[in-house]
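Enquirer: What follows is the residue order along each chain.
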Amino acid sequence: MKVETRLFVVLAVFFLPLGPILYYFDKGYDLVGPIALFLSSLLAALIAFYLNVTGKQYTNRPEDNPAALISEQEGDYGFFTPYSWWPLWLGASAAVIFAGLAVGWWLFIIGAGFGVLAIVGWTFEHYKGEYAN
Amino acid sequence: MVAVGTIVWLSSELMFFAGLFAMYFQIRSVSAPLWAEQTAKLNVPFASVNCLILVVSSLWCQLGVWKAEAGQKSRTGKVWQTGFLDGLRRGHAGKPSWGMREWYVVTYIFGALFISGQIFEYAELVSEGVTLSADRYGSVFYMTTGFHGMHVTGGLIAFLLIIGRTFTTKNYSHAQAIGAVVTSYYWHFVDVVWVALFATIYLLK
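Chains as they are written, first to last, in this note's numbering: chain W, 1 to 133; chain H, 1 to 205.
Same shape as in the complex, but just chain H:
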């Protein structure tokens, strides 16, 4: 039930971002000289690394999901025994490995790195005169990436709550696992939206 609701909500989120994409392309199509001037200020290598961080965070998240589905709340070994390769194969051969909590903490850290990188990028762009109210390019750039950043921030808060819940019960309940899984749906969705936004803003320009 929770999963179905989340997917339906995410498809409506898709249409929210559809509005932002439509706005971007429509305004871009009537302001070619402005776009040529302003997109030159974008730091594409930096943004690429930042994009990579977010994509990788989705991998950590999925490893956490598989642990949640297997009912493994937290690590069974030492901190460095991540069981990464077994996790990728979804194998649970009784070897010590990280649980859902550890992978979600790493996902959180990567997500937070992404947001920090984006703030750094905003600061650089503002110093070069690209601001929300400066021109059409600035408005569109900050609206699209900003709304995405707010979604990532919301996802980070969700991760905190999901991680926090694992500390409240002795047994890892089905309801908790579902909560972890639907949070991953949201995280993957936001990640895919960023890949599309990145291609639109930084590669296509």
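Isolated chain W, as found in the complex:
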């Protein structure tokens, strides 16, 4: 994963001096820009750090080998739910919760109740009922 890591290291290094440069030319009037640029650097650094750590666990990936064949990349990519309605209910609950912030606490509480149901349903969908393992 060296290539991926390097891409984000380049971004992190790019953003790092931009904050002080902006601060210097702006004479310290605006602090939002320098802080946002500094943390943009951290954003890229976080992903670079993760890719670097993960890369040490997965050596000899076909992606990193110029002579690799497409067939070497076969296999499981991860676990994907066949289908699930829970995200829809969770999204609807979130909509009610945020509408509750504007309308009133009573609606917020109703939305939170549905939100709890949806999030518990989603988290446990592979552990209870039809798809229990």
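Treat the hints with caution; some may be incorrect.
Across the chosen pairs, the derived CB separations fall in these ranges [said to hold, decoys possible]:
no. : chain 1 : residue 1 : chain 2 : residue 2 : range
1   : H       : Val8      : W       : Tyr29     : 25 to 35 Å
2   : W       : Leu107    : H       : Asp86     : 18 to 28 Å
3   : H       : Asn171    : W       : Ile110    : 19 to 29 Å
4   : W       : Phe124    : H       : Val8      : 21 to 31 Å
With the Cβ distance kept under 8 Å, some of the chain W side facing chain H (calculated, not the full set) [to be verified]:
no. : residue
5   : Val13
6   : Leu31
7   : Val32
8   : Leu43
9   : Ile47
10  : Tyr77
11  : Phe79
12  : Thr81
13  : Pro82
14  : Tyr83
15  : Tyr127
16  : Lys128
Calculated from the structure, these hints are not laboratory results. The beta-carbon is built from N, C-alpha and C at its ideal position, and this holds for glycine as well.
Knowing the structure of chain W, use the given hints to seat chain H on it.
Expert: Just chain H, lined up with the frame of chain W:
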């Protein structure tokens, strides 16, 4: 896949907090007298202990992660046989030790202590006239620490769900371990953000 998604989401969370930090410093730079007056009301020793509680909770969380990675769902001995030192060395010499569940319960308790401490602190500050709508300092203080507190609360809910899942299956599955690991990513992230916020609000003032 879940881990990659979590990291990408956390980096966007970083930019959310970047907005809050930027707001704090920008408003601070134009209201020095107000800051001098209001930061004097902060209870720094209390907040330091609270900060320490959250940092320590990250350690418990990591011990739980190593157990999750080793596929050990719950304790193999008595409640007091934590296997703390073996856990730190990541050794699994077959001695009785706590599993992921026990460490996550302790993490949850420490996180809940942190939130309780923060509520206590808010109550004290409100009684001294620092409120969300009182002045710029109050708005900025409650926005930054409040959004962080909401993140910690969200993490606590996630811990409950992750702990709850360990009771549903006989075997500790890979998907469950991944869920535990990504929850720890989030917890460590929120912890690091708090260290930065703490330094900004309580130490730098």
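Enquirer: Determine which of the earlier numbered hints do not hold for this structure and return their numbers in increasing order.
Expert: Checked against the structure, the hints that fail are numbers 2, 3, 5, 12, 13 and 14, while the rest are satisfied.
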